[in-house]
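K.L.:
Given the coordinates of chain A, work out where chain B should sit on it, guided by the hints.
Heads up: the sequence lines are chains A and B, in that order. Quick note, the first sequence lines up with residues 1 to 460 if you use the UniProt record's numbering. Quick note, the second sequence lines up with residues 1 to 460 if you use the UniProt record's numbering.
Treat the hints with care, since some could be wrong.
A pair holds if it fits inside one copy or across any two, identical chains being indistinguishable in the list.
In silico DSS-like pairs for lysine-lysine, Cα to Cα no more than 25 Å straight-line [as the list claims (entries may be wrong)]:
| no. | residue 1 | residue 2 |
| --- | --- | --- |
| 1 | 318 | 411 |
| 2 | 363 | 341 |
| 3 | 411 | 114 |
| 4 | 341 | 411 |
| 5 | 363 | 213 |
| 6 | 344 | 363 |
| 7 | 356 | 393 |
| 8 | 318 | 114 |
| 9 | 213 | 318 |
| 10 | 3 | 393 |
| 11 | 318 | 341 |
Think of the hints as simulated: they come from the structure by calculation, not from any bench.
Number of protein chains: 2
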Amino acid sequence: MQKILDTVDAQLETSLERLFAFLRIPSISAQPSHAGDCRKAAEWARDALAGMGFSARLSETSGLPGVIATHHEAGPNAPHVLFYGHYDVQPADPLELWNSDPFDPQLVDGPRGKRIVARGAVDDKGQVVSFMEAVRAHLAVNGKLPVRLTVLLEGEEENGSPSLAELLSNERETLAADFVYVADTNMWDFATPAITTSLRGLAAIEVRLHGPKRDLHSGLFGGIALNPIQALVSILGELKDDTGRIQIPGFYDGITPVSPAQAENWAGLGFDARAFLGDVGLSTPAGEADQLPLAQLWARPTAELNGIYGGYQGEGSKTVIPAHATAKLTFRLVAGQDPEKVLKHFERFVTERLPKDARVEFKRGGAAPGFSLSPDAPFLRAATAALAAEFNKPAALIGSGASIPVVEAFKTHLGLDTLLVGFGLDDDCIHSPNEKFEMACFHRGTRAHARMLTAFAAQP
Amino acid sequence: MQKILDTVDAQLETSLERLFAFLRIPSISAQPSHAGDCRKAAEWARDALAGMGFSARLSETSGLPGVIATHHEAGPNAPHVLFYGHYDVQPADPLELWNSDPFDPQLVDGPRGKRIVARGAVDDKGQVVSFMEAVRAHLAVNGKLPVRLTVLLEGEEENGSPSLAELLSNERETLAADFVYVADTNMWDFATPAITTSLRGLAAIEVRLHGPKRDLHSGLFGGIALNPIQALVSILGELKDDTGRIQIPGFYDGITPVSPAQAENWAGLGFDARAFLGDVGLSTPAGEADQLPLAQLWARPTAELNGIYGGYQGEGSKTVIPAHATAKLTFRLVAGQDPEKVLKHFERFVTERLPKDARVEFKRGGAAPGFSLSPDAPFLRAATAALAAEFNKPAALIGSGASIPVVEAFKTHLGLDTLLVGFGLDDDCIHSPNEKFEMACFHRGTRAHARMLTAFAAQP
Numbered sequence: 001m002q003k004i005l006d007t008v009d010a011q012l013e014t015s016l017e018r019l020f021a022f023l024r025i026p027s028i029s030a031q032p033s034h035a036g037d038c039r040k041a042a043e044w045a046r047d048a049l050a051g052m053g054f055s056a057r058l059s060e061t062s063g064l065p066g067v068i069a070t071h072h073e074a075g076p077n078a079p080h081v082l083f084y085g086h087y088d089v090q091p092a093d094p095l096e097l098w099n100s101d102p103f104d105p106q107l108v109d110g111p112r113g114k115r116i117v118a119r120g121a122v123d124d125k126g127q128v129v130s131f132m133e134a135v136r137a138h139l140a141v142n143g144k145l146p147v148r149l150t151v152l153l154e155g156e157e158e159n160g161s162p163s164l165a166e167l168l169s170n171e172r173e174t175l176a177a178d179f180v181y182v183a184d185t186n187m188w189d190f191a192t193p194a195i196t197t198s199l200r201g202l203a204a205i206e207v208r209l210h211g212p213k214r215d216l217h218s219g220l221f222g223g224i225a226l227n228p229i230q231a232l233v234s235i236l237g238e239l240k241d242d243t244g245r246i247q248i249p250g251f252y253d254g255i256t257p258v259s260p261a262q263a264e265n266w267a268g269l270g271f272d273a274r275a276f277l278g279d280v281g282l283s284t285p286a287g288e289a290d291q292l293p294l295a296q297l298w299a300r301p302t303a304e305l306n307g308i309y310g311g312y313q314g315e316g317s318k319t320v321i322p323a324h325a326t327a328k329l330t331f332r333l334v335a336g337q338d339p340e341k342v343l344k345h346f347e348r349f350v351t352e353r354l355p356k357d358a359r360v361e362f363k364r365g366g367a368a369p370g371f372s373l374s375p376d377a378p379f380l381r382a383a384t385a386a387l388a389a390e391f392n393k394p395a396a397l398i399g400s401g402a403s404i405p406v407v408e409a410f411k412t413h414l415g416l417d418t419l420l421v422g423f424g425l426d427d428d429c430i431h432s433p434n435e436k437f438e439m440a441c442f443h444r445g446t447r448a449h450a451r452m453l454t455a456f457a458a459q460p
Numbered sequence: 001m002q003k004i005l006d007t008v009d010a011q012l013e014t015s016l017e018r019l020f021a022f023l024r025i026p027s028i029s030a031q032p033s034h035a036g037d038c039r040k041a042a043e044w045a046r047d048a049l050a051g052m053g054f055s056a057r058l059s060e061t062s063g064l065p066g067v068i069a070t071h072h073e074a075g076p077n078a079p080h081v082l083f084y085g086h087y088d089v090q091p092a093d094p095l096e097l098w099n100s101d102p103f104d105p106q107l108v109d110g111p112r113g114k115r116i117v118a119r120g121a122v123d124d125k126g127q128v129v130s131f132m133e134a135v136r137a138h139l140a141v142n143g144k145l146p147v148r149l150t151v152l153l154e155g156e157e158e159n160g161s162p163s164l165a166e167l168l169s170n171e172r173e174t175l176a177a178d179f180v181y182v183a184d185t186n187m188w189d190f191a192t193p194a195i196t197t198s199l200r201g202l203a204a205i206e207v208r209l210h211g212p213k214r215d216l217h218s219g220l221f222g223g224i225a226l227n228p229i230q231a232l233v234s235i236l237g238e239l240k241d242d243t244g245r246i247q248i249p250g251f252y253d254g255i256t257p258v259s260p261a262q263a264e265n266w267a268g269l270g271f272d273a274r275a276f277l278g279d280v281g282l283s284t285p286a287g288e289a290d291q292l293p294l295a296q297l298w299a300r301p302t303a304e305l306n307g308i309y310g311g312y313q314g315e316g317s318k319t320v321i322p323a324h325a326t327a328k329l330t331f332r333l334v335a336g337q338d339p340e341k342v343l344k345h346f347e348r349f350v351t352e353r354l355p356k357d358a359r360v361e362f363k364r365g366g367a368a369p370g371f372s373l374s375p376d377a378p379f380l381r382a383a384t385a386a387l388a389a390e391f392n393k394p395a396a397l398i399g400s401g402a403s404i405p406v407v408e409a410f411k412t413h414l415g416l417d418t419l420l421v422g423f424g425l426d427d428d429c430i431h432s433p434n435e436k437f438e439m440a441c442f443h444r445g446t447r448a449h450a451r452m453l454t455a456f457a458a459q460p
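Isolated chain A (complex conformation) (with noise of 0.2 Å):
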């Protein structure tokens, strides 16, 4: 393993100059003036793979190319690893507030050393090239890989991927690995790695109240009518209790709890949430009084009111009992909650309080299941212990209360899990001017990489 990394060491001023090449190429896949300049830098990549001895290929959709290469030397035995990155960047505006050219690459002096300045110097071609060169190491000094690689490279991850399904299903054999390893998310801070081991799904509906069949004269009627509005916030109302904990019955089926393992690794991050929550005029958490703030944010679901509206709402007042009041939910959910049940559950529950006379019509939207990784799975530990190896301190074990596409669309088309490690920083600026990414980050990223590797193939 040491000469692995000591070539990496070596290697790193060569490594920044492929960087900065593949950085030079300004695929911006949401702009289709800039397709041609996508589809070199999807050639680049195949080329790379290809140079590094990968049998390399586009693989074309109906949109912009992927790239798809394999390794597989390792042999039938060995773990099949299925890497994802993305190819292409955002657009650059405003250019005028980059201090520089976003597709001149730079190295600029910062307070924790040189970082790389340019549009997707961390997102995604600096995570992408940080893991092709760990990669390069093990060929260098192995001539092979401890693992089965295939490296999957999509160029519409910027503009919400509307080619991902049909490039995963394309390709389905050739995607037929044990797991996805995604280098596209952050570190917990400059010295502590992490791994997002879960993210939240989500269900949407929407519920109207429906009461008499036209809006009444509050003067005429008060009283005596039943009032939607009043109906629907009493029911509304009830659904969280004073404790914070919400109070559909069986909303909560299925969910493993914090393990006292994870709520630990979280007490050791040393997460502010009075800071997190000042930065936006809050000062309290107002989840569940019995849960950490990070659970509240990352390891349990939500019911949550996006939108509400019913009579009138305009200046002043007016005196009238409406037909109908509306809202608008949406439930994040955690591993375990199975999207569907929750919407019937939902539906029972404001079902079971109308009142007489009030009709209700619910309208359901889009449903995704949560999604966490198991704290056994053995390309977990491998990573863990990969992390701490190289940065002597344990990896956090972070969880996202939003979803991430990629990974939902991994586990529907491929019934893949997904391990995310990343060594991006919250102050990259990704999508900003002057995105960057610290050069130590890309160099002990690509030593951590390099010793995943060799972790993945350790495992039984």
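P.N.:
Same frame as chain A, now just chain B:
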């Protein structure tokens, strides 16, 4: 008395001729082109009253003039009655739906005998003339009236009474009576006279609940961040308990419960709540479960959500936690409730329930107290007895769930209570094409007015 009633009967044909002359004047106050006609109607009424021996004049305002006429020969010890009516009418559009010219009054056969058809037939020229003919009969028999009588006819009632306050203020001394006697309301049904003895007041307020200082992404913040829609509905959901009782402490302070006599009177009216609600698609009284349906409409206050809004209200879903949410409420108030205190109690109710980090903003709207005649008021007892004598059954002592602006104005500007007795029917099509006044209602109304004038004088 019998002589006076016989005179009413004998003069019926000429009474109708006088009413028809009044109805031929198209005194539409809302249409400036009819300002001259309005003045003509005022002059017609002034001259008619002067012709009966009143001291009569126009009282100019910045709008249309009022008619003021006094007949005080009854002497300083007789009760002083202020009669109010209006000489203006609604526009007649749409003309094509009338069966005859709205300003060419007709006697038409109907299921209850002859009916007078014209714009203003009942609202309010027919009711005014009905009263004037009762006065005429008294004067014809006795040469004087049993009470001191002041007549006030307004010319802008159908146009929102913009100059009424000015008129009342200008004529404060002339109008300093014992009570106001208004003939502009309906009977309970064709066989049953009615006195409107209570009106509900109103207090309006808007409540805006603020949470985070900007809209938040519900994936990144959901679970840990306060949702102001949820906070608002949780608070407003507690406004009423399962029995419909309003939970604001102090809300019911000062209210006199419905008396057994009043309840008995209402029970005798045969009000069909199911039919009343059925017309608007409902079936079950939604107010306080221990109150009669008519009490829910007339005698009990309400807390009504007239509007609510917050967050996303478009198609589909948006995963937002909004910065604020707003509700608009009005309270219908009954006699004894202080509007300012009700609003203060509500504000405390909300404020005490605010979760941490929530901030609330109130915007108060208009406020007017409820009104109710004491069942012991001498003029009410007098009117009740006179109506019972004429109709051979007790009058319905009804309420109105809404306010009547002139009643508020008399209370505010003159400090006077109002007796509301009228002889219209619910199917008279006021404000609509083919407005009518049943000849029998006009006739018996005149007889009842004649009896009431006598009865007022007989009270202590």
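K.L.:
Could you run down the list of hints and mark each one as holding or not?
P.N.:
Outcome of the hint check:
no.	hint	verdict
1	318 <-> 411	between (51 Å within a copy, 24 Å between copies)
2	363 <-> 341	within (15 Å within a copy, 42 Å between copies)
3	411 <-> 114	neither (38 Å within a copy, 82 Å between copies)
4	341 <-> 411	within (20 Å within a copy, 60 Å between copies)
5	363 <-> 213	within (20 Å within a copy, 30 Å between copies)
6	344 <-> 363	within (12 Å within a copy, 39 Å between copies)
7	356 <-> 393	neither (61 Å within a copy, 37 Å between copies)
8	318 <-> 114	neither (63 Å within a copy, 40 Å between copies)
9	213 <-> 318	within (18 Å within a copy, 29 Å between copies)
10	3 <-> 393	within (22 Å within a copy, 112 Å between copies)
11	318 <-> 341	between (40 Å within a copy, 21 Å between copies)
In this structure, the earlier hints numbered 3, 7, 8 are contradicted, and the remaining ones agree with it.
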